[in-house]
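Same order as they appear, the protein sequences are chains B and Y.
Using the working numbering, read the first sequence as starting at 1 and increasing by one per residue.
Using the working numbering, read the second sequence as starting at 1 and increasing by one per residue.
Where hints are given, some of them may not hold.
Derived DSS-like pairs: lysine-lysine, alpha-carbon spacing no greater than 25 Å straight-line [claimed, not checked]: (1) B:Lys-202 with Y:Lys-268; (2) B:Lys-127 with B:Lys-109; (3) Y:Lys-120 with Y:Lys-130; (4) Y:Lys-23 with Y:Lys-63; (5) B:Lys-265 with B:Lys-282; (6) B:Lys-175 with B:Lys-206; (7) B:Lys-202 with B:Lys-175; (8) Y:Lys-107 with B:Lys-265; (9) Y:Lys-107 with Y:Lys-120; (10) Y:Lys-199 with Y:Lys-137; (11) Y:Lys-130 with B:Lys-265; (12) Y:Lys-23 with B:Lys-200.
Note that these hints are calculated values from the structure, not bench results.
Keep in mind it's a predicted model, so treat the numbers as computed, not measured.
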Amino acid sequence: MNTPLLVVSDLHTTFETPRGLLPAVRGVSFSVAENQTVGIVGESGSGKTVLARTIMGLQPIRGVKLSGSVLLNGSEIVNRPHDELRHLWGSQVAMIFQDPMTSLNPVRKVGDQIAESLQVGIGLKRKEARARALELLVQVGIPSPEDRFHAYPSHLSGGMRQRVVIASALSCNPKLVLADEPTTGLDVTIQAQILDLLDKMKAERKMSTILVTHDLGVVATRTDHIYVMYAGRIVESLPTADLHSHHRHPYTAALLNSTPRIENKSHTRLTAIAGSPPNLLKPLTGCAFAARCSYASDVCRTQTPELRSDGGSSEFACFNPVGVTV
Amino acid sequence: MTIQSKPILSVRDLEVTFGRGKKAVQAVAGISFDIYPGETLGLVGESGCGKSTTGRAIMQIEKPSGGHITLGDIDLISSAPKEARRLRTRLQMIFQDPISSLNPRRKVRDIVAEPLDYWKVVVGDERAAKVDDLLRKVGIDPTVFGHRYARQFSGGQCQRISIARALAMNPEVLICDEVVSALDVSVQAQILNLLEDLKAEYGLSLLFIAHDLAVVKNIADRVAVMYLGKIVEIGGSDNLYEAPHHPYTDLLLSAVVDIDPSKKHERKVLQGEPPSPSNPPSGCRFRTRCPFASELCASTEPELAEIAPGRFVACHFPLNFSK
Chain B
1 MNTPLLVVSD LHTTFETPRG LLPAVRGVSF SVAENQTVGI VGESGSGKTV
51 LARTIMGLQP IRGVKLSGSV LLNGSEIVNR PHDELRHLWG SQVAMIFQDP
101 MTSLNPVRKV GDQIAESLQV GIGLKRKEAR ARALELLVQV GIPSPEDRFH
151 AYPSHLSGGM RQRVVIASAL SCNPKLVLAD EPTTGLDVTI QAQILDLLDK
201 MKAERKMSTI LVTHDLGVVA TRTDHIYVMY AGRIVESLPT ADLHSHHRHP
251 YTAALLNSTP RIENKSHTRL TAIAGSPPNL LKPLTGCAFA ARCSYASDVC
301 RTQTPELRSD GGSSEFACFN PVGVTV
Chain Y
1 MTIQSKPILS VRDLEVTFGR GKKAVQAVAG ISFDIYPGET LGLVGESGCG
51 KSTTGRAIMQ IEKPSGGHIT LGDIDLISSA PKEARRLRTR LQMIFQDPIS
101 SLNPRRKVRD IVAEPLDYWK VVVGDERAAK VDDLLRKVGI DPTVFGHRYA
151 RQFSGGQCQR ISIARALAMN PEVLICDEVV SALDVSVQAQ ILNLLEDLKA
201 EYGLSLLFIA HDLAVVKNIA DRVAVMYLGK IVEIGGSDNL YEAPHHPYTD
251 LLLSAVVDID PSKKHERKVL QGEPPSPSNP PSGCRFRTRC PFASELCAST
301 EPELAEIAPG RFVACHFPLN FSK
């Protein structure tokens, strides 16, 4: 295999809060190959959004301590000033945020916003940029694009706004796109349309994608490889095809069992995960999931499990894994 | 459901219109359904289809512009305001955002006691005992958490408190409007299980409004599917999901993603977005996006008809059905 497009090694993101240090990302390592789609899945507070923003280099300089390394195409992102990262944003890496209403400027026409990213990102002249922006609106499937070019974000539906955000993110042909909950808040039918659009764009442009979501169904159908996060760490890394039947971490198992499924009969009892995630302001000893885990033993409460391989392409951080090694 | 007793809640030709004149939007355009004692009816549809408005109209939060809502034997809409208030205690609603539906500056015990205080049902020691009992029922330890403020709780815990408050007046019907959609999947499972347990214990009937089809299938006995202010299909949960009759239900179900990709079903994509309810299409409201639409669909609106026992569908060309 070639050198991966993105290599994240031992990344830590710690926030300085009035109540003490909050380690939101606690030693994450993974890589994304060219043309690969990777899913990062976890519940609220697992650190998945902080991880995505750190990879983008969007963390503020003050109040945040970063360590470790994020190499994008050979360039280091961690602890670099925003001025130096600016030329990477758009042309190398772009991000799609959850809420399209807040990631678009409400008082500017959507076409102008896309054109602006082209003018700033790759230095197109205004007229060229506007023509290219219109082309992008066509590509992302906006009906009557000439009219919508002059629309304000508030005139568009949620699905249409997300299409505009995608057009804007892809405008400067980034090699890596980070999509943070791109379809949360959209209806299932619109979700399917947006995910199809991302798939199509990825195939046409040979991009790599990181899909950050809480929705197991979305990662299970739209990615090549999945990283499961819990309390700021990756607890399991596995090929998407193995998620359903060959997962090893009890947390992954618990997440799958608590998800209501359309395949199941009505009134199928769900297995809820008792308790709630740990408070990261307090120091943690042992496995972060131990307090909620039905397989926890004494070693889980005293030692922190590291990611280990099962011999194949999966890794898990657990002393008492579920399932059997194939 | 095999027990076809008398419905606890009947909705007939319910209409809700916002605005007037040219700007009028008919959010709910004449829908009818029944909820039987001890039953959960799921109400699904995309955003803007009028499912929340239906729930709010039943609670009399929105004033219906037409139709009837009958609770037991009493028509809620024609009741005098004072009487309607009293009747409304038999109906309770739980909302989507658990944090904003609780006053952050009030203590948990007082929040749960509010309906009891308003109706002066119980006082003194009896009131305290009732409140503690309700909190225990929803899995919150009153001795530890009773004196905390609502703002100190997580979303899942706030939803538990909302449920305790809704149960305080011993309602017969609980209207749940997207009650788990803001919660993480592990917490969502806790709340769904809690609702199932409480339903069995109190013999509650639920109107469960949600956009998540897998969640609705899990909790509902019967499911009604709404599109642009109309009910297009009603049926038993397993039956309806197994063999949908309305093309809209079919397309909606095929958009659902499952955690087991090997179960990948044939994917049919629903193109476009719903038309504006201020200017709905003639005839069948779904015809502009329906792959089977014909001239008949544009000229004549299909009525919701029972094509098999317990299966109602509003379509000229129902799927999975031979006469």
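To see whether the hints hold, each was checked on the structure:
Distance hint between B:Lys-202 and Y:Lys-268 is fulfilled; the C-alpha atoms sit about 21 Å from each other, no more than 25 Å. A C-alpha spacing of about 15 Å is found between B:Lys-127 and B:Lys-109, which places the hinted pair at or below 25 Å, so the restraint holds. Restraint check for Y:Lys-120 and Y:Lys-130: satisfied, since their Cα atoms lie roughly 13 Å apart, inside the 25 Å limit. Taken as a hint, the Y:Lys-23 and Y:Lys-63 pair is honoured in the structure, with Cα atoms around 17 Å apart against an allowance of 25 Å.
Only pairs whose Cα atoms come within 25 Å are accepted, and B:Lys-265 paired with B:Lys-282 is rejected, the gap being roughly 42 Å. Distance check on the hinted pair: B:Lys-175 and B:Lys-206 sit about 8 Å apart at the alpha-carbon level, within 25 Å; holds. Taking the CA atoms of B:Lys-202 and B:Lys-175, the gap is near 10 Å; set against the 25 Å cutoff, the hint holds. Distance check on the hinted pair: Y:Lys-107 and B:Lys-265 sit about 40 Å apart at the alpha-carbon level, beyond 25 Å; violated.
A hinted pair counts as satisfied when its Cα atoms are at most 25 Å apart, and Y:Lys-107 with Y:Lys-120 qualifies at roughly 19 Å. Restraint check: the Cα-Cα separation between Y:Lys-199 and Y:Lys-137 comes to about 12 Å, which is no more than 25 Å; the hinted pair holds. At most 25 Å may separate the alpha-carbon atoms for a hinted pair to count; Y:Lys-130 and B:Lys-265 exceed this at roughly 36 Å. For the proposed pair Y:Lys-23 and B:Lys-200, the alpha carbon gap of about 39 Å is over 25 Å, so the pair is violated.
Of the numbered hints stated above, those contradicted by the structure are hints 5, 8, 11 and 12, listed in ascending order.
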